[in-house]
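Asker: Residues per chain, in single letters:
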Amino acid sequence: MSASDTHRTIETVFRIETPKLIAGLARVTRDVSRAEELAQDALVAALQQWPGEGVPRNPGAWLMQAARHRALDWLRRDKMLKRKHEEIGRDLDEEADPIAEIEEALDDEVGDDLLRLIFTACHPVLAIEARLALTLRLIGGLTTEEIARAFLVPEPTMAQRLVRAKKALAEANVPYEVPHGPELAERLGSVLEVVYLIFNEGYAATTGEDWVRPGLCEEAMRLGRILAGLAPREPEVHGLVALMELQASRLRARIGQDGQPVLLLDQNRALWDHLLISHGLKALETARGLAPSPGPYVLQAELAACHARAGKAEETDWARIAALYGALGALTPSPVIELNRAVAVAMAEGPAAGLALVDALAAAPALKNYHLLPSVRADLLAKLGRHGEAQAEFSRAAGMTRNRRERDLLLGRAETARKAAG
Amino acid sequence: MRVMVLVKADKDSEAGVMPSEDMLTRMGAYNEELVKAGVMLAMDGLHPSAKGLRMRFSGAERMITDGPFTETKELLAGFWIWQVRSFDEAIEWLKRAPFDGGTEIELRPVFEMEDFGEVLTPELREQEERVRAEAAKLAS
Numbered sequence: 001m002s003a004s005d006t007h008r009t010i011e012t013v014f015r016i017e018t019p020k021l022i023a024g025l026a027r028v029t030r031d032v033s034r035a036e037e038l039a040q041d042a043l044v045a046a047l048q049q050w051p052g053e054g055v056p057r058n059p060g061a062w063l064m065q066a067a068r069h070r071a072l073d074w075l076r077r078d079k080m081l082k083r084k085h086e087e088i089g090r091d092l093d094e095e096a097d098p099i100a101e102i103e104e105a106l107d108d109e110v111g112d113d114l115l116r117l118i119f120t121a122c123h124p125v126l127a128i129e130a131r132l133a134l135t136l137r138l139i140g141g142l143t144t145e146e147i148a149r150a151f152l153v154p155e156p157t158m159a160q161r162l163v164r165a166k167k168a169l170a171e172a173n174v175p176y177e178v179p180h181g182p183e184l185a186e187r188l189g190s191v192l193e194v195v196y197l198i199f200n201e202g203y204a205a206t207t208g209e210d211w212v213r214p215g216l217c218e219e220a221m222r223l224g225r226i227l228a229g230l231a232p233r234e235p236e237v238h239g240l241v242a243l244m245e246l247q248a249s250r251l252r253a254r255i256g257q258d259g260q261p262v263l264l265l266d267q268n269r270a271l272w273d274h275l276l277i278s279h280g281l282k283a284l285e286t287a288r289g290l291a292p293s294p295g296p297y298v299l300q301a302e303l304a305a306c307h308a309r310a311g312k313a314e315e316t317d318w319a320r321i322a323a324l325y326g327a328l329g330a331l332t333p334s335p336v337i338e339l340n341r342a343v344a345v346a347m348a349e350g351p352a353a354g355l356a357l358v359d360a361l362a363a364a365p366a367l368k369n370y371h372l373l374p375s376v377r378a379d380l381l382a383k384l385g386r387h388g389e390a391q392a393e394f395s396r397a398a399g400m401t402r403n404r405r406e407r408d409l410l411l412g413r414a415e416t417a418r419k420a421a422g
Numbered sequence: 001m002r003v004m005v006l007v008k009a010d011k012d013s014e015a016g017v018m019p020s021e022d023m024l025t026r027m028g029a030y031n032e033e034l035v036k037a038g039v040m041l042a043m044d045g046l047h048p049s050a051k052g053l054r055m056r057f058s059g060a061e062r063m064i065t066d067g068p069f070t071e072t073k074e075l076l077a078g079f080w081i082w083q084v085r086s087f088d089e090a091i092e093w094l095k096r097a098p099f100d101g102g103t104e105i106e107l108r109p110v111f112e113m114e115d116f117g118e119v120l121t122p123e124l125r126e127q128e129e130r131v132r133a134e135a136a137k138l139a140s
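Just so you know, the protein sequences line up as chains A and B, in that order. Number 113 in this note's numbering belongs to position 113 of the first sequence; there are no gaps in the numbering. Number 62 in this note's numbering belongs to position 62 of the second sequence; there are no gaps in the numbering.
Wrong hints could be hidden among the right ones.
Pairs of lysine to any residue residues, derived as SDA-like cross-links and limited to a Cα-Cα distance of at most 25 Å, are as follows [said to hold, decoys possible]: (1) B:K11 <-> B:F111; (2) A:K282 <-> A:G256; (3) A:K282 <-> B:F111; (4) B:K95 <-> A:A45; (5) B:K95 <-> A:R57; (6) B:K95 <-> A:Q65; (7) B:K95 <-> A:A313; (8) A:K167 <-> A:K282.
It is worth saying that the hints were derived from the structure and are not from the lab. Predicted, not measured: the structure shown is a model, and the values here were computed from it.
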């Protein structure tokens with residue numbers, strides 16, 4: 001194996017193993033930054049030794065061993081330092097055996113440590129951007145440069161964000177543990193939110209030459225699957241995995257040959273990723289098996305599944321979609337969800353039924369500047385043959401959007417309605 | 001990226017001999033590790049070629065030859081599909097598989113969606129965002 005091959009192997013092994021290393025080390029050091037440094041030290045050791053001695057048979061175990069030694073050295077130094085500070089004359093030997101302590105920590109079920117690390121990286125004490133960055137760094141094993149590129153910020157900015165995040169964790173004295181009881185639900189919510197935001201960051205990314213940014217979808221799905229392995233009894237975790245996989249299954253079909261975006265109902269369903277769909281539907285099934293009453297991620301996954309299951313756009317089960325939006329709205333009331341429900345009802349029962357729901361939303365303050373409200377209303381009015389009113393609503397919607405293309409589209413429809421009204 | 005891991009057939013797999021319990025245990029542990037790392041997308045084993053057939057296409061003609069087929073080295077016994085971040089990562093995962101006894105495994109990258117990065121201008125992105133807003137009213 002050439003030196004450059006060895007380097008590549010080391011980098012790859014390190015990328016696979018880092019989260020586990022950091023997770024185990026953080027339990028000993030109670031300090032994520034320190035754990036990260038110690039893991040880096042193990043990498044440096046590998047870089048020094050492997051090119052000469054060859055890559056070990058079990059590189060993961062080798063790195064863990066190296067990290068163990070470094071953790072031990074650090075613990076000794078730390079104790080020595082504390083002893084000096086406190087002027088305690090006791091010998092190190094008299095104290096609890098630090099080797100045993102570390103061995104125990106690192107030999108323990110790694111999964112629990114990884115889960116602790118995830119909860120720590122997604123701790124609510126951190127700003128949301130910091131949670132995203134730290135999760136990608138510590139659990140995803142991405143380099144600072146990759147994360148910076150993913151979020152389109154300069155590398156030093158991202159480096160600083162990561163340093164501040166770790167400092168904030170230390171200062172807040174965040175315990176390195178998996179939360180229990182009522183706190184668990186809330187903290188799990190933050191973890192799921194972080195993973196889904198990473199996914200959406202990738203899903204929205206269609207600009208720039210970077211492969212990393214679209215790669216964020218894959219990274220988020222990987223994080224979700226890891227989480228599902230670590231917390232297999234949590235229905236919302238499986239729900240999120242299903243949601244991401246079902247949405248990602250359409251990535252290929254979202255953009256036409258000329259680079260033109262393609263609407264969901266116009267997409268060529270043969271281009272959908274059927275492996276991801278079957279994986280997602282299975283995750284959804286698992287989630288439903290665990291939860292008698294589905295949470296928001298499971299419901300959103302169910303919505304995505306309605307489309308995934310329809311072989312043709314016309315086969316979409318709109319009645320079920322309407323019912324799911326109803327259930328989602330009951331859990332997390334929002335006029336936007338209600339508007340979505342109105343569209344589904346219109347598809348299922350006809351434009352008049354949809355219009356009644358849309359009209360009920362007219363006074364919702366949250367939708368005051370939401371151009372999709374008059375735009376949906378106009379569409380339903382046009383379908384009902386009320387062209388004069390449709391024209392007025394299309395024009396109103398056109399005046400509310402800042403997007404030029406959308407405005408052109410709406411003005412075009414207003415003109416069509418005007419002609420139809422005669 | 002995705003890779004397909006092609007597990008070649010051997011005399012035993014072609015004879016329908018099941019792997020030893022020890023091998024099944026180790027393979028189970030390995031598969032679990034792949035699932036927990038978020039790498040595993042699909043895996044399946046294939047029946048011996050005796051249960052399969054080959055179809056030969058020539059013009060309108062469809063010529064069927066029933067198995068078994070003899071050239072064991074060219075036959076497959078199973079496959080995995082993995083989601084990895086690089087081909088190197090797939091190599092690293094494959095190294096950890098509990099195979100032995102001269103088993104040969106083939107690793108092949110799967111064709112993926114083109115990287116749209118270069119063809120999408122900011123203008124198209126704006127359009128994309130409009131479409132996403134539109135899609136939001138149609139889907140979740």
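Asker: Hint by hint, note whether the structure agrees.
Answerer: Here is how each hint holds up against the structure:
no.: 1; hint: B:K11 <-> B:F111; verdict: violated, 31 Å
no.: 2; hint: A:K282 <-> A:G256; verdict: violated, 29 Å
no.: 3; hint: A:K282 <-> B:F111; verdict: holds, 24 Å
no.: 4; hint: B:K95 <-> A:A45; verdict: holds, 22 Å
no.: 5; hint: B:K95 <-> A:R57; verdict: holds, 9 Å
no.: 6; hint: B:K95 <-> A:Q65; verdict: holds, 19 Å
no.: 7; hint: B:K95 <-> A:A313; verdict: violated, 44 Å
no.: 8; hint: A:K167 <-> A:K282; verdict: violated, 40 Å
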